[in-house]
Amino acid sequence: MKKKIEEQFFLWLMRLATGSVMFVFAILLLVIIKKGWHAVSWQIISEVPQGGFYFGKAGGIFNAIIGSLYLAFGSTFLAVIIGLPVALGMNIQFARNKRFVRILRFLLDALWGVPSIVFGVFGFALMTYFHLRASLLAGIITVALFITPIFIRALDEVIRTIPEGLLEASFSLGATQTRTAYSVFFRQALPGFITAVLLAFGRGIGDAASVLFTAGYTDSIPHSVNEPTATLPLAIFFQLSSPIPEVKQRAYAAALILTGIILFISIVSRLFTKKYKKNIL
Amino acid sequence: MTDNIIHIKGLNVQVDNKSILKNINLKVPRNKITVLLGPSGCGKTTLLKCLNRLTDLQPQLQLEGEVLIEGENIFHPKQDITLIRQKMGLLSQKPFPLPMSIYKNITYGLKIKGIRDKVLLNARVEQHLRDAGLWEEVKDRLHATSTKLSIGQQQRLCLARGLAVGPEIILADEPTSALDPISSKKIEEKFLELKEEYTLIIVTHILRQAKRLADNVVFMYFGEIVEQGTPDEIFNNPQSEILKEYLRSGH
Amino acid sequence: MTDNIIHIKGLNVQVDNKSILKNINLKVPRNKITVLLGPSGCGKTTLLKCLNRLTDLQPQLQLEGEVLIEGENIFHPKQDITLIRQKMGLLSQKPFPLPMSIYKNITYGLKIKGIRDKVLLNARVEQHLRDAGLWEEVKDRLHATSTKLSIGQQQRLCLARGLAVGPEIILADEPTSALDPISSKKIEEKFLELKEEYTLIIVTHILRQAKRLADNVVFMYFGEIVEQGTPDEIFNNPQSEILKEYLRSGH
Amino acid sequence: MTILFTIRQKWVDRISNGWLNAVTFFMLLLPLAIGLGLVIESFPLLHKYAFTQLIGSSDWSPMDGKFGFYDFIVGSLWITLLSFFLSAPVCLLTAIYLTQYAPGWLMKLMYFVIDVLAGIPSVVYGAWGVLVIVPLIGAYVAPIFGFASTGYCLLSGGVVLAIMSVPYMLNMLMEVLLNIPVELKEASLSLGATYWETIKHVLLKQGKSGIIAALNLGISKALGETIAVLMVVGNVVQVPHNIFQAAYPLPALIANNYGDMMSIPMYASALMLSALLLFIIIILFNILTNALVYQRNK
Amino acid sequence: NSANDNSISISGAFALYPLGIKWTEQYKKLHPTIRFNVSAGGAGKGLTDVIAGAADIAMFSRELTPEETRKGVVLFAVAKDAVVPTFSTKNPYSNLIHHKGLTQDQLKAIYFSGGNITWGSLLDTIGKDNISVYTRSDAAGAADTWAAYLGGKQSNIKGTGIYGDPGLADAIANSIFGIGFNNVAYVYDVNTGRKRPGIDVVPIDRNNNRMIDADENFYNNTDSILAAISDGRYPSPPARNLYFLTKGKPTNTAIISFLKWVLTDGQQYVKAAGYVPLPKEKIKEQIEQLN
Ligand SMILES: Nc1ncnc2c1ncn2[C@@H]1O[C@H](COP(=O)(O)OP(=O)(O)OP(=O)(O)O)[C@@H](O)[C@H]1O
Ligand SMILES: Nc1ncnc2c1ncn2[C@@H]1O[C@H](COP(=O)(O)OP(=O)(O)OP(=O)(O)O)[C@@H](O)[C@H]1O
Ligand SMILES: [Mg+2]
Ligand SMILES: [Mg+2]
Ligand SMILES: O=P([O-])([O-])[O-]
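Chains as they are written, first to last, in the numbering used here: chain A, 1070 to 1350; chain B, 12 to 262; chain C, 12 to 262; chain D, 456 to 753; chain E, 35 to 325.
Accuracy of the hints is not assured; some may be wrong.
Below are the DSS-like pairs computed for lysine-lysine, each with C-alpha atoms no more than 25 Å apart in a straight line [stated by the list, open to error]:
id, chain 1, residue 1, chain 2, residue 2
1, E, K105, A, K1317
2, A, K1071, C, K129
3, C, K124, D, K655
4, B, K33, C, K159
5, A, K1071, C, K98
6, C, K124, A, K1071
7, D, K465, B, K122
8, C, K201, C, K43
9, C, K115, D, K663
10, B, K159, D, K503
11, D, K660, A, K1071
12, C, K255, B, K33
13, D, K655, C, K129
14, A, K1126, E, K305
15, C, K255, B, K196
16, E, K124, A, K1317
17, A, K1072, C, K124
18, C, K159, D, K655
19, A, K1071, D, K655
20, B, K222, C, K196
21, C, K222, B, K196
22, A, K1126, E, K63
23, B, K159, C, K29
24, C, K222, B, K255
25, B, K129, D, K465
26, C, K124, B, K159
27, D, K660, A, K1343
28, C, K255, B, K197
29, D, K465, B, K98
30, C, K129, D, K660
31, C, K222, B, K197
It should be emphasised that the hints constitute simulated quantities derived from the structure, not laboratory data.
Start from the sequences and build out the full structure, keeping to the hints where you can.
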């Protein structure tokens, strides 16, 4: 009887917790929609800022949308090609060296707490050292630096839960560590991988502070990685700080568009991996 | 003199100063079936894992001694462990299907060896699944996930997968423990057939199976090799008390 | 008329329109040992899992029919599944020690039942480990992690753990598959002893074991019950072709 | 052909291992480089003042050459703890509910929620906090507890921060719980444990290190968050006496001032020292949790 | 390092970004071959960029510190702005505030004491409602200027720190007993000329007679306040200059002609953007620096 009550109690607590997460999310979305809905138009999605855009006149944030997509895809791509081997390696190639892995985890965790603006400053310091100007490339690199630890640790925690038997099974078939990593562990961790990628992607597309110093901000669409670029979070940031209500409203519209983009990418990538999911232990 | 493919010299394995294997000395003859017997927990699995260095995965194990495979010490740091493992297929005691379809579980090992030809792959998949007696049950769902198979099916899948790599030495840790007599029988027949070309080391608890298969029997007890010899020596003329009791219980 | 503790009526289990169990009708007599036989993959494990509704954990399984335990349908939504599970101990086929020490694995079930007295707990741990024939091997490392035990040790640990809860019905899925003859024998003796007070359903592939233990034998094939009866009927007078072949292979 | 294949295989292996070593080395180097960079950048300040004086003093007036970080450090710790206690239980309970009790569609839905929450820029969180949380706390919550508050306070910061760390914590907790083999649950259930007991004694135990890691990372994340927090936290250089007072955490200090003050060497140096302090706090914190986990595992 | 002939890169304060964009756009219409690269990141960032050669012109919204002055940069005032003290329209003392205003010393007391001053005591009336004091948390030209008016630095003035100008305006609008300060563009709507909803301006009592006299009363709409800032009836500080800044005297002709244009024809866009155009003499001074 006591057990029943305890379970029921926690069950309600859990429902409450889940409900509150959903509720907060709903409120967040509602506020963004309410504030930004009226400003969403084909124009804002498809045009770059025109004369007087920052005073509430014509134009859109196409430059920022494109810039953000370039930046987020570029940096996520970098984060994956750097982070995936590391996350797998920590659990396969370096697994024997427990102390080394511990230290690596430890250092990566420390990076989670470094404010993104510090990465921006770091990137900026490197740029000044090499006499580079703000550019898409610099932004991509900086953002990659700062989402890679997030990606690695999120994935690492998933890979850690894979039973050792699987490692033994693959090794005893004569597979190399590399093959075991990419054909077996990667597959088993695939859903976790997708979530980790999306987490990193979200962080990358949503961060303003790290690109502020490195990617710059401009009203035109970059034609090469050496040009500066606008990004959605910065666009939101600028427009929110405007005294003109129309412009402020557009900031929320931009946030809404950003949300839409993330949702779209999230749905597509999860649908895409659904068919691989069934083989998981 | 027989040709010994494996030669274990003074192998000791310890965890936290507790011995798991004590001074194991063993020669395994080529193209023969060596059966490992011994009560549960006596170190059989550990011994098999030493042979293809899966013990590497458990840094807490302290190993001493030498394992020579075709004259080469596999513990030598310069050894390419992947090649050694390709030579030796280990069928582990608890089956672990790889997280992919049944079909891909089999082709996994083949692809490692560089076989890419579709037709050949299909043929090999069928052949090895038949060898393991699993073909009829899964032929309609080759591309379904392997993790939902029954334990016995998983065991046979792992066997098929191991055979597919075509190792020189097969280390089989209780390969029929989850199988019914019909399936067991098929697999025993397969083993006898394989002996022509391969060397097999089989752990089993079924004395009748040991008798049917073995060319050479090794009896272990608490980490030590107590007796070894031909089936005739071991089964009909046991020396030690413990082996005698073991055989008595085994009917 | 015998007293049937379990009554299965028209049980069907499907996955993706593939039948795993087909129209199972079965009565299990109280204080008897019922042995389930059948080739690997025929649905024995699934049947056992239905009996204590572990199938709940796999939402893709579609169940139909009724399972009455002491007259009550366990699939009825109002049933307290925990109480049912406490009545029935399932020893699963692949042993899974809980992520805690050996000692705590045993006390886990006891603590759930509300036993907290240290002295009593210690006594029970020893008793059940002895029953499962594991005491001697682990008495020095009761507080070490249970996951590093050998598979056979894990199997015995799970048995001890299951016995500790003192269920009315014991469902044992190949409880000796990883065990040597000596350990197996001890456990068989234990089972025969338990039958005085408990009802047992045992899955096994070892025909001799079935013969030694069974009061009642059920033979399954591809999800169906093909034959059932006393050991004498089944072993000495099989009706179906498949059972005959099965018995032939089993020597 | 096989020889060619083996050669190719060897090369694939070599390249892949080379790349692995390179990137691992890089990932090892990055935190060290950032740490070192921060030390170098904050050197002018460290050189001029004693470290203990910098972290022990409350006197903050950089234009007059007074750099006391004490209030900021305390503010950071408070807000991080607050957000942790707000978010960790909620995330843990939600993760358990979604992975163990809830229907599958709810969990799938939550993945989208997580993805979106992770992608919303912090400025938006901040603006939302100003619109929703600040008035709520200033006008309703604080008076209930008998405090007068502007709403720009520790609690607002904690709430916004808690919401922002949800996607990271929740996602990892869910992955950890999902990957626990179902057989373990079966084992516990067949021993007559209730579902809840199984969760409590087996799932949480098996997932312990993963759970701790997830919570740990959640804290680290919270500790370093800037813009959103600084928009709602009040930014008053003081040690807050209750959660309805304003505080000034270290990351806010950096974000508030960096762009505008970076051309003043001492100022910039002080801001980089703030980042260094954060780095140190996280490392100390990690040492603590690591020690905890390690001790327990023994 | 320096810009090539038809590309100018500008970086710096957020405060000037919209106006900077407007200018570059208009200028591009006249000189289609020129390319601009305008980015924001803060005043210090702009200065650092210019000194490092990563930008040609910095937008700067506060006064240089002595340290910064030593780096050899040239300042061009390009527009004016002013910070005005603000309060909420919900404030029950509203009428009294309009009538009496606050003196510089009172404002000083408010911003340096850090609390426990009541509206009643300031306005010589009963009423024990404490003033909620708000300031900017981000290092900002506005806050710096405001602090300068009160005789200190931004880090000396106390109050709840709010990020950014619009944030501060919103906070004030919602705080019954609050006081804060804003750039004029955030108080007056450039299009309508009226004060924005919710926010009101505390008139400054310059002659300390505890009365807002006719010549102190110019807060009604954009035109009146801009005129007062322009002709000095509104004190400076809190009125302030906004600057373009270059590393040494510019030599590049493209930059020179752009700066000249900003100071001449470009001035017509200043007012519409919510800033105050510079007085004639001031402009002349700036142009002279270019020659
Ligand atoms: N969740 C599932 N999804 C799909 N197929 C399943 C699932 N569970 C069981 N099966 C299939 O149902 C059949 C019966 O499985 P079950 O585990 O009951 O067999 P078993 O008789 O216990 O065999 P074994 O002796 O090998 O353990 C097998 O063919 C198996 O592949
Ligand atoms: N990593 C380890 N840490 C601690 N003890 C271990 C470890 N591996 C094995 N052991 C112990 O070593 C002994 C031998 O284990 P092993 O698995 O080799 O036995 P086995 O002969 O295969 O038994 P079974 O027939 O039950 O599988 C057991 O007592 C086991 O508990
Ligand atoms: Mg074993
Ligand atoms: Mg089974
Ligand atoms: O620097 P400001 O934002 O106050 O103009």
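Evaluation of the provided hints:
For a cut-off of 25 Å, the pair hint linking K105(E) to K1317(A) is broken: about 37 Å separates their Cα positions. Taking the CA atoms of K1071(A) and K129(C), the gap is about 22 Å. The hint holds against a cut of 25 Å. Among the hinted pairs, K124(C) with K655(D) is consistent with the structure: their alpha-carbon atoms are about 15 Å apart, no more than 25 Å. The hinted pair formed by K33(B) and K159(C) meets the criterion: a straight-line CA distance of about 18 Å does not exceed 25 Å.
Restraint check for K1071(A) and K98(C): satisfied, since their Cα atoms lie roughly 19 Å apart, inside the 25 Å limit. Among the hinted pairs, K124(C) with K1071(A) is consistent with the structure: their alpha-carbon atoms are about 12 Å apart, no more than 25 Å. Restraint check for K465(D) and K122(B): the C-alpha separation of about 14 Å stays at or below 25 Å, so the hint holds. Annotation: proposed proximity of K201(C) to K43(C) holds, straight-line Cα distance about 14 Å (limit 25 Å).
A C-alpha spacing of about 17 Å is found between K115(C) and K663(D), which places the hinted pair at or below 25 Å, so the restraint holds. A C-alpha spacing of about 67 Å is found between K159(B) and K503(D), which places the hinted pair above 25 Å, so the restraint is violated. Distance restraint check for K660(D) and K1071(A): the Cα-Cα separation of roughly 22 Å lies within the 25 Å cut-off, and the hinted pair is therefore satisfied. Restraint check for K255(C) and K33(B): not satisfied, since their Cα atoms lie roughly 46 Å apart, outside the 25 Å limit.
With a C-alpha separation of about 21 Å, the suggested pair K655(D) and K129(C) falls inside the 25 Å cut-off, and the hint holds. Straight-line distance between C-alpha atoms of K1126(A) and K305(E) comes to about 16 Å, which keeps the hinted pair within the 25 Å bound. Using a Cα cut-off of 25 Å, the hinted pair K255(C) and K196(B) holds, with the two alpha carbons roughly 15 Å apart. The hinted pair formed by K124(E) and K1317(A) meets the criterion: a straight-line CA distance of about 23 Å does not exceed 25 Å.
Straight-line distance between C-alpha atoms of K1072(A) and K124(C) comes to about 11 Å, which keeps the hinted pair within the 25 Å bound. Between K159(C) and K655(D), the direct Cα distance comes to roughly 23 Å. Compliance with the 25 Å bound is thereby established for this hinted pair. With a C-alpha separation of about 15 Å, the suggested pair K1071(A) and K655(D) falls inside the 25 Å cut-off, and the hint holds. The suggested pairing of K222(B) with K196(C) holds, with an alpha-carbon distance near 19 Å, which does not exceed 25 Å.
Among the hinted pairs, K222(C) with K196(B) is consistent with the structure: their alpha-carbon atoms are about 19 Å apart, no more than 25 Å. At roughly 17 Å between alpha-carbon atoms, K1126(A) and K63(E) fall within 25 Å of each other, so this suggested pair holds. Distance restraint check for K159(B) and K29(C): the Cα-Cα separation of roughly 13 Å lies within the 25 Å cut-off, and the hinted pair is therefore satisfied. The straight-line distance between the Cα atoms of K222(C) and K255(B) is roughly 24 Å, inside the 25 Å bound, and the hint therefore holds.
With a C-alpha separation of about 23 Å, the suggested pair K129(B) and K465(D) falls inside the 25 Å cut-off, and the hint holds. Using a Cα cut-off of 25 Å, the hinted pair K124(C) and K159(B) is violated, with the two alpha carbons roughly 33 Å apart. Taking the CA atoms of K660(D) and K1343(A), the gap is near 29 Å; set against the 25 Å cutoff, the hint is violated. Proximity of K255(C) to K197(B) is assessed by CA-CA distance (about 16 Å); at most 25 Å being required, the pair is judged to hold.
A hinted pair counts as satisfied when its Cα atoms are at most 25 Å apart, and K465(D) with K98(B) qualifies at roughly 17 Å. With a CA separation close to 22 Å, the supplied pair K129(C) and K660(D) stays within the 25 Å bound. With a CA separation close to 23 Å, the supplied pair K222(C) and K197(B) stays within the 25 Å bound.
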